[in-house]
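2 protein chains.
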Amino acid sequence: MLDLAILGLLSEHEFHGYEIRKRLRDELGLFANISFGSLYPALSRLELSGAVIGTESSPAAPAAAPIPLTGSLGGERAALRSRRAGTVRSTTRGTKRSRKVYRITDTGRRVFEELLAGEEPVGTDEARSFGLRLAFARHLAPQARLGLLERRRDQLIRRLAADQARAAAGNDFDSYTRSLVEHTTEATQHDISWLDSLIESEKLKQAAPRTESRTPRTVGTGSAAAKGTEL
Amino acid sequence: MLDLAILGLLSEHEFHGYEIRKRLRDELGLFANISFGSLYPALSRLELSGAVIGTESSPAAPAAAPIPLTGSLGGERAALRSRRAGTVRSTTRGTKRSRKVYRITDTGRRVFEELLAGEEPVGTDEARSFGLRLAFARHLAPQARLGLLERRRDQLIRRLAADQARAAAGNDFDSYTRSLVEHTTEATQHDISWLDSLIESEKLKQAAPRTESRTPRTVGTGSAAAKGTEL
DNA sequence: CGCTGATATATCGATCTGATATATCATGTT
DNA sequence: AACATGATATATCAGATCGATATATCAGCG
Numbered sequence: 007m008l009d010l011a012i013l014g015l016l017s018e019h020e021f022h023g024y025e026i027r028k029r030l031r032d033e034l035g036l037f038a039n040i041s042f043g044s045l046y047p048a049l050s051r052l053e054l055s056g057a058v059i060g061t062e063s064s065p066a067a068p069a070a071a072p073i074p075l076t077g078s079l080g081g082e083r084a085a086l087r088s089r090r091a092g093t094v095r096s097t098t099r100g101t102k103r104s105r106k107v108y109r110i111t112d113t114g115r116r117v118f119e120e121l122l123a124g125e126e127p128v129g130t131d132e133a134r135s136f137g138l139r140l141a142f143a144r145h146l147a148p149q150a151r152l153g154l155l156e157r158r159r160d161q162l163i164r165r166l167a168a169d170q171a172r173a174a175a176g177n178d179f180d181s182y183t184r185s186l187v188e189h190t191t192e193a194t195q196h197d198i199s200w201l202d203s204l205i206e207s208e209k210l211k212q213a214a215p216r217t218e219s220r221t222p223r224t225v226g227t228g229s230a231a232a233k234g235t236e237l
Numbered sequence: 007m008l009d010l011a012i013l014g015l016l017s018e019h020e021f022h023g024y025e026i027r028k029r030l031r032d033e034l035g036l037f038a039n040i041s042f043g044s045l046y047p048a049l050s051r052l053e054l055s056g057a058v059i060g061t062e063s064s065p066a067a068p069a070a071a072p073i074p075l076t077g078s079l080g081g082e083r084a085a086l087r088s089r090r091a092g093t094v095r096s097t098t099r100g101t102k103r104s105r106k107v108y109r110i111t112d113t114g115r116r117v118f119e120e121l122l123a124g125e126e127p128v129g130t131d132e133a134r135s136f137g138l139r140l141a142f143a144r145h146l147a148p149q150a151r152l153g154l155l156e157r158r159r160d161q162l163i164r165r166l167a168a169d170q171a172r173a174a175a176g177n178d179f180d181s182y183t184r185s186l187v188e189h190t191t192e193a194t195q196h197d198i199s200w201l202d203s204l205i206e207s208e209k210l211k212q213a214a215p216r217t218e219s220r221t222p223r224t225v226g227t228g229s230a231a232a233k234g235t236e237l
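Note that the protein sequences, when read in sequence, are chains A and B.
Numbering follows our numbering, in which position 36 of the first sequence is assigned residue number 42; successive positions increment by one, without gaps.
Numbering follows our numbering, in which position 1 of the second sequence is assigned residue number 7; successive positions increment by one, without gaps.
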């Protein structure tokens, strides 16, 4: 889960831990506020497995060139952004505090693709997981993307059936519980409608011979990934 | 969280672990499928702290009366349900497998009331937590109940602001992410409308001097007011 | 008769959360 | 100038939960 989110962010450009947390919170909003107790261990894990490389960007060591990197442009932008736009101050000293900037590796990209195209978890945080995958859906091949949407729809259909069974069986519910069950059912229905519209527009998009410009490394089609047929 | 759910269920009548899991899954639907790795440790915890008492209901010990309880009607029904309706078989041997039936204590009731009336957690599972509290809201005093609803509404208002900030800031989002953000925003708005209607009907209910019959142990604010609505 | 699936309890490792600690710097307040 | 506050930044800890797995009993099915 978190690995996917981190690699997804880092696949666009490099970040340090704190930035990752902020982006996950402010941009996606899927992880309300990733705990540092999740984030930093996850980064260590990923570094250990070779999916990312962390470069110490300490202020006390201006000796060794401050990480040239991919042309340093992405890093520069990130650093600037983290410095809260403005206050040009740079020169030599005082880069706040030593930050460890993480870069994705080729291995990491492969892991990212596997995670993204791989099996979605069922249960507790399927919603969060789906949201995350959808946010990175542009990295999926059209086929895999459609599969993602349809598997999610199936999940929701099952959930709706459960919701309705609850609503039907619960005659001894008090008014609060009944209202809760009804509201939940409606929310699920709303989710399904949304999925339907996503699926429809996705099919339209794939039917039309769109020779779109930016094709950002799609994944998922080639392999023998069990598509919707697994239920 | 789980403690509250367990105590809430047990405050109505006794259950064994497996039943608790089923009820939480089938009736409330808030915990998709409580893990046994959560449930059994939680029961042990609660037993250790004196909030519940577990009685070994082994098939080899038909001696001690199998817990009469609240007139045994509720328990009977539960037992029957768990036995999958029919096959009267009982006599001496083979009651499936030894079950440990948990009963709430007075301490447990006090803990339940504290948990229910206590601070709601912010962050990750505020939604689940609220749903759970709402399902047991009938045990709260009208004042506390209204407070619960209003605090939840405040949470959602803040969440909506965050959602809208995301939607406004995200011009570089792709269509999938944008759709996700929009859908999330709509869902939050829908939640707020729901809360509004709950709050309104709660206020109406409290304005009317309903001297209803069954007052099931309300908690929260010192005032012991009446609570109607068995609808 | 064995197979599958439901009932029932228990434990394990992994992960995630929330809290806390430590440190640097920018800003605002008095 | 002194001081507090709050953002930036990394790290670690205890506790809760999850998903998987193990074990065992029994019902229904073919």
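Keep in mind that the hints were calculated from the coordinates and are not lab data.
Keep in mind that the hints are not guaranteed to be accurate.
One copy or any two copies: either way a pair holds, since identical chains are not told apart in the list.
To be verified - The calculated lysine to any residue pairs, modelled on SDA-like cross-linking and capped at a C-alpha distance of 20 Å, are: (1) K28 to R164; (2) K28 to N177; (3) K209 to G43; (4) K106 to Y46; (5) K209 to S185; (6) K209 to F37; (7) K211 to R51; (8) K28 to S207; (9) K209 to Y46; (10) K106 to R27; (11) K106 to E132; (12) K211 to F179.
Hint-by-hint comparison with the structure:
1. K28 to R164: The answer is between: 17 Å across copies meets 20 Å, while 34 Å in one copy does not.
2. K28 to N177: between (45 Å within a copy, 17 Å between copies)
3. K209 to G43: Cα proximity of K209 and G43: none, with 41 Å in one copy and 42 Å across.
4. K106 to Y46: Within one copy only: 11 Å inside, 41 Å across.
5. K209 to S185: between (36 Å within a copy, 16 Å between copies)
6. K209 to F37: neither (29 Å within a copy, 34 Å between copies)
7. K211 to R51: neither (38 Å within a copy, 54 Å between copies)
8. K28 to S207: neither (31 Å within a copy, 39 Å between copies)
9. K209 to Y46: Answer is neither; intra-copy 39 Å and inter-copy 46 Å both fail.
10. K106 to R27: within (14 Å within a copy, 44 Å between copies)
11. K106 to E132: Answer is neither: 31 Å inside a copy and 32 Å across each miss the 20 Å cutoff.
12. K211 to F179: Between copies only: 18 Å across, 45 Å inside.
Checked against the numbered hints given earlier, the structure breaks hints 3, 6, 7, 8, 9, 11 and satisfies all the rest.
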